[in-house]
Amino acid sequence: MLHSFASDCHCHSSCSPDGKHPAEAMLARAKELGLYAVTLTDHCECNEYEKKYRERALRAWQAMDAVQAPAGLRFYRGIELGQPLQDLPGAQEAVSRFDYDFVIGSLHNLRGREDFYYLDARALSAGELDAVLGEYWDQLLEMIDWGGFDALGHLTYPLRYIQGEQGVAADLAPHGEKIDQTLGALIQKGIALEVNTSGLRQKLGETMPGLELLRRYRRLGGELVTLGSDAHCTEDLGAGIDQGMELLKAAGFNQFVVYEKRRPVWLPLE
Numbered sequence: 044m045l046h047s048f049a050s051d052c053h054c055h056s057s058c059s060p061d062g063k064h065p066a067e068a069m070l071a072r073a074k075e076l077g078l079y080a081v082t083l084t085d086h087c088e089c090n091e092y093e094k095k096y097r098e099r100a101l102r103a104w105q106a107m108d109a110v111q112a113p114a115g116l117r118f119y120r121g122i123e124l125g126q127p128l129q130d131l132p133g134a135q136e137a138v139s140r141f142d143y144d145f146v147i148g149s150l151h152n153l154r155g156r157e158d159f160y161y162l163d164a165r166a167l168s169a170g171e172l173d174a175v176l177g178e179y180w181d182q183l184l185e186m187i188d189w190g191g192f193d194a195l196g197h198l199t200y201p202l203r204y205i206q207g208e209q210g211v212a213a214d215l216a217p218h219g220e221k222i223d224q225t226l227g228a229l230i231q232k233g234i235a236l237e238v239n240t241s242g243l244r245q246k247l248g249e250t251m252p253g254l255e256l257l258r259r260y261r262r263l264g265g266e267l268v269t270l271g272s273d274a275h276c277t278e279d280l281g282a283g284i285d286q287g288m289e290l291l292k293a294a295g296f297n298q299f300v301v302y303e304k305r306r307p308v309w310l311p312l313e
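For the sequence shown, this note's numbering gives the first residue as 44, with consecutive numbering after it.
Misleading hints may appear alongside valid ones.
For lysine-lysine, the following DSS-like pairs were computed, each having C-alpha atoms within a straight-line distance of at most 27 Å [unchecked claim]:
1) LYS74 x LYS63
2) LYS246 x LYS63
3) LYS232 x LYS292
4) LYS292 x LYS221
5) LYS221 x LYS74
6) LYS63 x LYS95
7) LYS246 x LYS292
8) LYS94 x LYS63
9) LYS304 x LYS232
No lab work stands behind these hints, which were simulated from the structure alone.
Let the hints inform the model, and build the full structure from the sequences given.
Now the structure itself:
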């Protein structure tokens with residue numbers, strides 16, 4: 044890594060359904076890369092908590108609790124809560140069961156719909172697409188108002204598929220007010236904004252969110268930012284973190300945070 048404090052605070056082990064490698068392998072790779080800190084954040088999709096993820100979350104915690112981090116690597120134990128308001132009691136139970144260092148809140152699908160991965164934006168009119176994005180901002184605002192997580196994961200996640208995979212241009216200009224409300228709500232609640240670097244290695248070609256929204260967040264007074272590769276295998280661990288740190292500098296930041304025992308630890312972007 045090019046930065047002394049390069050840290051990856053969003054990655055998945057084989058305890059996630061789409062993860063490939065066990066916790067031990069992810070930590071060994073983090074040490075090999077020279078990461079300062081790594082946080083494992085296996086999936087807990089709350090809309091399927093009772094059916095699938097209560098047991099998965101237990102297995103993920105047991106795996107993290109059993110593993111020993113290599114000397115010199117700071118290892119934090121986390122969880123990614125997907126759609127927490129789609130089963131709020133399940134989300135609250137998931138977070139309270141174990142002593143996590145870090146909780147990411149993410150929105151992978153709207154209520155009553157499948158993951159954005161399955162959305163065919165090419166079949167939607169411009170008005171229909173705007174309506175979908177409008178629902179996305181509204182449901183994010185509900186999540187933030189609840190506030191039971193430390194960082195908002197991959198803001199603009201729908202664009203990964205709408206623009207990146209399907210090549211459909213999504214105009215965010217009509218959503219400017221909702222975007223500012225979302226960023227302002229994060230600031231008011233003391234919830235961090237994640238810079239998710241997975242888009243750099245995907246067809247989207249930019250972080251989630253990108254530079255423009257990071258600058259917007261900073262202008263509004265945002266300070267809390269985290270970095271995560273969203274790796275699901277050792278090969279992607281740490282990918283884009285150095286670029287993400289430079290992007291944060293370009294957006295006007297000089298610090299970022301990692302979380303330990305649910306509290307931010309400030310680190311320089313050097």
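Here's how the hints hold up against the structure:
1. LYS74 x LYS63: Holds, at about 18 Å.
2. LYS246 x LYS63: holds (21 Å)
3. LYS232 x LYS292: Holds: LYS232 and LYS292 sit about 23 Å apart, inside 27 Å.
4. LYS292 x LYS221: holds (25 Å)
5. LYS221 x LYS74: violated (40 Å)
6. LYS63 x LYS95: Satisfied, since the Cα-Cα distance of roughly 18 Å is no more than 27 Å.
7. LYS246 x LYS292: holds (24 Å)
8. LYS94 x LYS63: holds (22 Å)
9. LYS304 x LYS232: Holds, at roughly 18 Å.
Against the hints set out earlier in the document, a violation occurs for number 5 only.
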